[in-house]
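Peer 1: Going line by line, the protein sequences match chains V and Z. Here the first sequence stands for residues 6 to 120, where the numbers follow my numbering. Here the second sequence stands for residues 4 to 117, where the numbers follow my numbering.
Keep in mind that a hint or two might mislead.
What the hints assert, rightly or not - Chain Z regions said to be covered by chain V (calculated; three or more residues, Cβ under 8 Å): (1) 16-23; (2) 35-46; (3) 107-113.
As the list claims (entries may be wrong) - The calculated label-pair distances, taken between Cβ atoms and stated as ranges, are: (4) Z:Ser17 / V:Asp76: 42 to 50 Å; (5) Z:Tyr42 / V:Trp12: 40 to 48 Å; (6) V:Gln18 / Z:Gly12: 25 to 33 Å; (7) Z:Ser17 / V:Ala44: 28 to 36 Å; (8) Z:Lys63 / V:Gly32: 22 to 30 Å; (9) V:Glu64 / Z:Ser86: 31 to 39 Å; (10) V:Val17 / Z:Thr54: 26 to 34 Å; (11) Z:Glu18 / V:Pro23: 43 to 51 Å.
The set of hints was computed from the structure by calculation and includes no laboratory data. All C-beta atoms in this analysis are idealised placements derived from N, C-alpha and C, irrespective of residue type, glycine included.
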Amino acid sequence: SQTIHQWPATLVQPVGSPLSLECTVEGTSNPNLYWYRQAAGRGLQLLFYSVGIGQISSEVPQNLSASRPQDRQFILSSKKLLLSDSGFYLCAWSAAGFSYNSPLHFGNGTRLTVT
Amino acid sequence: GDSVTQMEGPVTLSEEAFLTINCTYTATGYPSLFWYVQYPGEGLQLLLKATKADDKGSNKGFEATYRKETTSFHLEKGSVQVSDSAVYFCALSGYGGATNKLIFGTGTLLAVQP
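All chains should be modelled from the sequences, with the hints used to inform the complete structure.
Peer 2: Next comes the structure, spelled out in structure tokens:
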């Protein structure tokens, strides 16, 4: 069966510090991968998605970047965190290929607090 | 552009009460519709989905019907339990391409009291 791992679960970082959040998927090949952010009291905002190694699409211009160095690894980074980067970050995967019916499968999220 | 609108929460109910969480959408084309649930401190889990008009998705006693004429996908459950307390998100499959990018509503917090 497929599983998705996301870490760390919680993170407190000072403003201006770097960020690296990692997500890995097991049990499937060539998944589509996604990073979402859930700000307090708001819905989910799609940040990045990837259909393959090295292929990253950004949905919203911001202080963050994403990379996919391996087929089932997705990394969210920042060189200098801002207070507004605080939130709950969720990694997700869906089956390869294009389908309106494919659900997303989410990790347990990382709660980031920038102080 | 495509969007999802959910009823504001929180929704507070007593155990065994009937639940309705409203969801309406705006979309070009024929999206699939989803309900996800997020338990405290966790990620989202798919609860149910419907892929075409008049389809009814159901799972764990929850159900929702894809109504194209009213562009709605309301979530219902006949008798809620304390364990149903969570945030519920309505979503639609977004614009095309090689991925399934979901557009989410803002979520509705459900609190069920014993």
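Peer 1: Take the hints in turn and mark each one as holding or not.
Peer 2: So, going through the hints one by one against the coordinates:
1. 16-23: violated (count 0)
2. 35-46: holds (count 6)
3. 107-113: With 4 residues close enough to chain V, the hint holds.
4. Z:Ser17 / V:Asp76: 42 to 50 Å: 48 Å, holds
5. Z:Tyr42 / V:Trp12: 40 to 48 Å: 19 Å, violated
6. V:Gln18 / Z:Gly12: 25 to 33 Å: With Cβ atoms ~30 Å apart, the hint holds.
7. Z:Ser17 / V:Ala44: 28 to 36 Å: 31 Å, holds
8. Z:Lys63 / V:Gly32: 22 to 30 Å: 24 Å, holds
9. V:Glu64 / Z:Ser86: 31 to 39 Å: Check passed, 34 Å falls within 31 to 39 Å.
10. V:Val17 / Z:Thr54: 26 to 34 Å: Violated: the Cβ-Cβ distance is about 41 Å, outside 26 to 34 Å.
11. Z:Glu18 / V:Pro23: 43 to 51 Å: Given range 43 to 51 Å: holds, Cβ gap about 47 Å.
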